[in-house]
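Line order of the protein sequences matches chains A and B. Take 1 as the starting number for the first sequence in the working numbering and just add one per residue. Take 1 as the starting number for the second sequence in the working numbering and just add one per residue.
Everything labelled a hint here was simulated from the structure, so no lab data went into it. In this text, a Cβ means the ideal position worked out from N, Cα and C, and glycines have one as well. There may be inaccurate statements among the hints.
[As the list claims (entries may be wrong)] To give an idea of the interface, some chain B residues facing chain A are shown, with a C-beta separation under 8 angstroms as derived from the structure: (1) T6; (2) T10; (3) A68; (4) R72; (5) V76; (6) G79; (7) R82; (8) L103; (9) S108; (10) A222; (11) A224.
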Amino acid sequence: MARVFMKGTEAVAEAAVRAGCRFFAGYPITPQNEVPEYFARRMPEVDGVFVQGESEVASINMVYGAASMGVRSMTSSSSPGISLKSEGISYCAAARIPMVYANFARGGPGVGSIQPAQQDYFQATKASGNGGFQMMVFAPSTVQEAVDMTYRAFDYADRDRNPVLILADGVIGTMMEPVELPEMKSDEEIAAMKAAKGSWACVGHELDYAHRSWIQPGQWSTARMQEVNEEADALYRSWEKDAQAEEYMVGDAEVIIASYGISARIAKSAVNVLRAQGVKAGLIRAVTVNPFPYKAFDRINYDKCKAILDVEMSIPAQFVEDVKVGVKERCPIKTCLCSGGNIMSREAVLAAVKKIMEG
Amino acid sequence: MEKIYTRTKTIQEDKVSGFCPGCMHSTVIKLIGEVIEEMGMVDKTAAVLGIGCCGLHMDYMAYDNTTAPHGRACAVATGMKRANPNTLVYTYQGDGDLASIGLAETMSAANRGENISVIFINNGIYGMTGGQMAPTTLIGMKASTAPKGRIAEEHGYPMHMCEILNQLTAPAYLVRTSCNTPANVNKTKEAIRKAFQNQLDGKGFSMVEIVTGCPTNWGMDALASLDYIEEKMLPEFPLGVIRDR
């Protein structure tokens, strides 16, 4: 398939269209404005629907509605806008409505800064809304990976009847890179995907209590509410098999960088520089940040590894808390951090690794 | 003997109303169900329920439904209708849901002329949460969060949603009815039918505002609440067609 040169935001949107997404609602917020703009142009070409919602709140609820009709649906935003979507995301998770959303994260908290950041890690992986629900969360480090993850995210969402989050950042969103776009789902495939949801989607049913579609973001019965949460918990536990990590030059490494997303990409280039200088550095990159690839940290040779270096664009550090769970105190963990919309520098990573080696 | 009146099939056969005595939700739910059945739309309808007593609707209805987050029903309905235009999509919302927390969603859906039908229950008070002040609470009317009654200088004035939406160009049909008398119940049913027919005809946004009572939170019996509607509510919220195009 031919390679094309695309901006991250637009590539994600095109990947969604190719995955069969036929409903998008969104609201402007930097740095992801090209997502709604792209869908506004593209959806009419594929008989899909684009709506510019009156707010992030309305947009996620439009997606909740469209996905409740069995249509592959998506929204996107950036950090403060994602907070506004929290209520609707929680409703989708509670009602087990499959949908995909992307966060092109920027500095925070509050209105923060419009430049790239990874300040939303806890929100993305631990508590994206009220009620303790979870989602699969993918963290791309290249535009190509953002494309591939978005394409597959709809399959995971449908498989689990659960929201899926693409946790990108302002770098991935605004950077242009050559990408190979996935195959376009045919109209027949898209119709079949919608039809497969016919038993629970609100598309009309035989008239009786047993057959009606009842999208329930809550329960009257406390017993049933507990059952629903137990079913959801079983689903979340089943994701252990889906955890993905990239392990790069880990085998003989004396310092292993733990990172994700754009920070991990920068850290990987630091590993290459260090290796050229004879420093035994390695990288564990979380590809999925929920489920978190804890097992990758069990494969480390702790006899050789002096320390783990957590590299992330967040102050205070957040990703490091999952790294700690994976490392289980088998070696020290140091951090290399930046925040506020400042992009991680390779020099800072190199310096942090050298400091550990000089230890 | 010929049976000339039966319960609509759109309501569960074994269900007994759990609404308070004198509450008109049960009446309106029945009317909606009868219209859906008479229009032959029982297997092509999806309801979007608001949060509050409106949400109790789900326990009785036999057709497809979802529950929107508080105030978001018009946004959810927008997504549903656009994703599946052949489905008859209506929202069922109270005054707190539609006119307070959901004002932006209501106004914006109306302004886009979304091809949906909105059934708006205006009883001037928050029901399920226990009688707090609503945007439609009358001046002087007591509420648990306005113990001295609604004071204009402090709380502002009751909001007239039909008239507010009438400032917009797109809406097709805006009407205010009540269920306080048999004649008004019949008019409400015809208004609901027209709102649904407008949607099937692709005319766009229709809203039926129904002035109802809440004896429990008004602190009066069911019969007294009918008088209160007639004497207090209807002068503030006059009945009639505000827009029909």
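*Please write out, lowest number first, the hints stated earlier that are contradicted by the structure.*
1, 8, 10, 11
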